[in-house]
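Asker: Each chain, letter by letter, is given below.
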Amino acid sequence: MISLRKVSKIYRGAHSANKVSVLTDFDLDVDVGEFVAIMGPSGSGKTTLLNLVGGLDTPNTGQVVVADNHLEGLSSRELAIWRAHHVGFVFQSHNLIRILSAAENVELPLLLKSLPHKERARLTQEALRQVGLVERAAHRPGALSGGQQQRVGIARAIVSDPAVLLLDEPTGNLDRSTAEDILALLRHLQSGGRTVLMVTHDQDAARAATRTVHLGAV
Amino acid sequence: MNTIRPGWLLLPMASLHCRPRQARLICASALVGFCLFGLTQGLKFSLKGLSRGGGHFSPLDALTTLVVSLGLLTMLFLTSTAISQSVRNDIGDLAILKALGFSSSRIIFSVFLEAALPGLLGAVLGLCLSHPTAVYLLHLLSRGHVLPSPHIGLGQLGLALALTTLILLAGVLLPALRIIRMNVATALSGQP
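Protein sequence lines, in the order shown, are assigned to chains H and Z. Using the working numbering, read the first sequence as starting at 1 and increasing by one per residue. Using the working numbering, read the second sequence as starting at 1001 and increasing by one per residue.
Treat the hints with care, since some could be wrong.
Computed footprint of chain Z on chain H; a stretch qualifies when at least three of its residues, placed anywhere within it, have a C-beta under 8 Å from a C-beta of chain Z [unchecked claim]:
hint, segment
1, 1-9
2, 92-99
3, 169-183
4, 188-202
Over 10 Å on every C-beta distance to chain Z, these chain H residues come out as not near it, computed from the model [stated by the list, open to error]:
hint, residue
5, Asp25
6, Gly33
7, Val87
8, Arg129
9, Gln130
10, Asp161
11, Ala206
12, Thr210
13, His214
Everything labelled a hint here was simulated from the structure, so no lab data went into it. Positions of the beta carbon are idealized from the N, C-alpha and C atoms, including for glycine.
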């Protein structure tokens, strides 16, 4: 499902001397339906790894293959179409659109699928129900707590039923009980055949995964 | 979900609702620009009627063209600035859309619509306002002479709407380049 071969990523600073190599000749294989936790210290390349697998960034060297698509060979337009149909993202800092309500944020990925309004509304309600936020559907992100925003982000990631879920600290802002509900939801999605890649610092959250990958310090 | 608006209007309508200042600026600049446009077209029609025995009225043509050009250039500047400012402020939101799979062209279309709705409204209002203003100005200028009533026809309306669309397209050009060249991962991380 996901295959990274000899992937290297170097960030260049303002001066050519300020190079930071976050991944070097990195290999990873994830099968369909696996739930993989990625752990490691800050700066070890966890978010970079998610960005590469999600086609948001490109490696300096190496191959990234997801669902039989060689991402490094796709144009930005092809990558956008591919993301819309295959990937659901949950970002570390929620990244909800402030001017849209929770329901409208969740509805966004469905706008790319040419679904009728009623069907979009039904799927949005269902995703919000799964994260326990139906009653906050009309609220804008500014009126939601950090944990609720994170749950809206998770609802947005799962609403279009993507084959691959990429989550960056999905339980970081949640209390223990809500975090366990979310991890149970992720396990349920995984049992339905979804491939889940989750960056976390939380050992308890990592235990929900079928496998843990540790990234080293830079 | 209590909304039934089509999906492609979701973002422009939300933007208009949440950024009324920008919409008002674009609407007002279009209103002033096209009020000037209608006014000069109407006055030119009447004054040309007055001088119909004297052939072409070139200085008047030059003056009206100058006034209209200045009005429309001001509208272009204000519209372009408002759209650029909006894109600069919302670059994080636009990066989210790209990350979710929205293509650059779809995002640019949404940004264009956000400016086009108040822009076209302002242009139509400006044209409507220009007719009574032209009549009033002619009344002041005529000093007892009988002048032909100012006329703003379908041709002028069509030209005004075409000019508005062109100005909005020109105004969205630079922000569009910024959207196309945006690095999604960098924009999402909040870095400049």
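Asker: Next step is simple, just say for each hint if it's right about the structure.
Answerer: Tested hints:
no., hint, result
1, 1-9, "violated (count 0)"
2, 92-99, "holds (count 6)"
3, 169-183, "violated (count 0)"
4, 188-202, "violated (count 0)"
5, Asp25, "holds, 21 Å"
6, Gly33, "holds, 23 Å"
7, Val87, "violated, 8 Å"
8, Arg129, "holds, 12 Å"
9, Gln130, "holds, 15 Å"
10, Asp161, "holds, 14 Å"
11, Ala206, "holds, 23 Å"
12, Thr210, "holds, 26 Å"
13, His214, "holds, 22 Å"
This entry does not satisfy hints 1, 3, 4, 7, going by the numbered hints stated previously.
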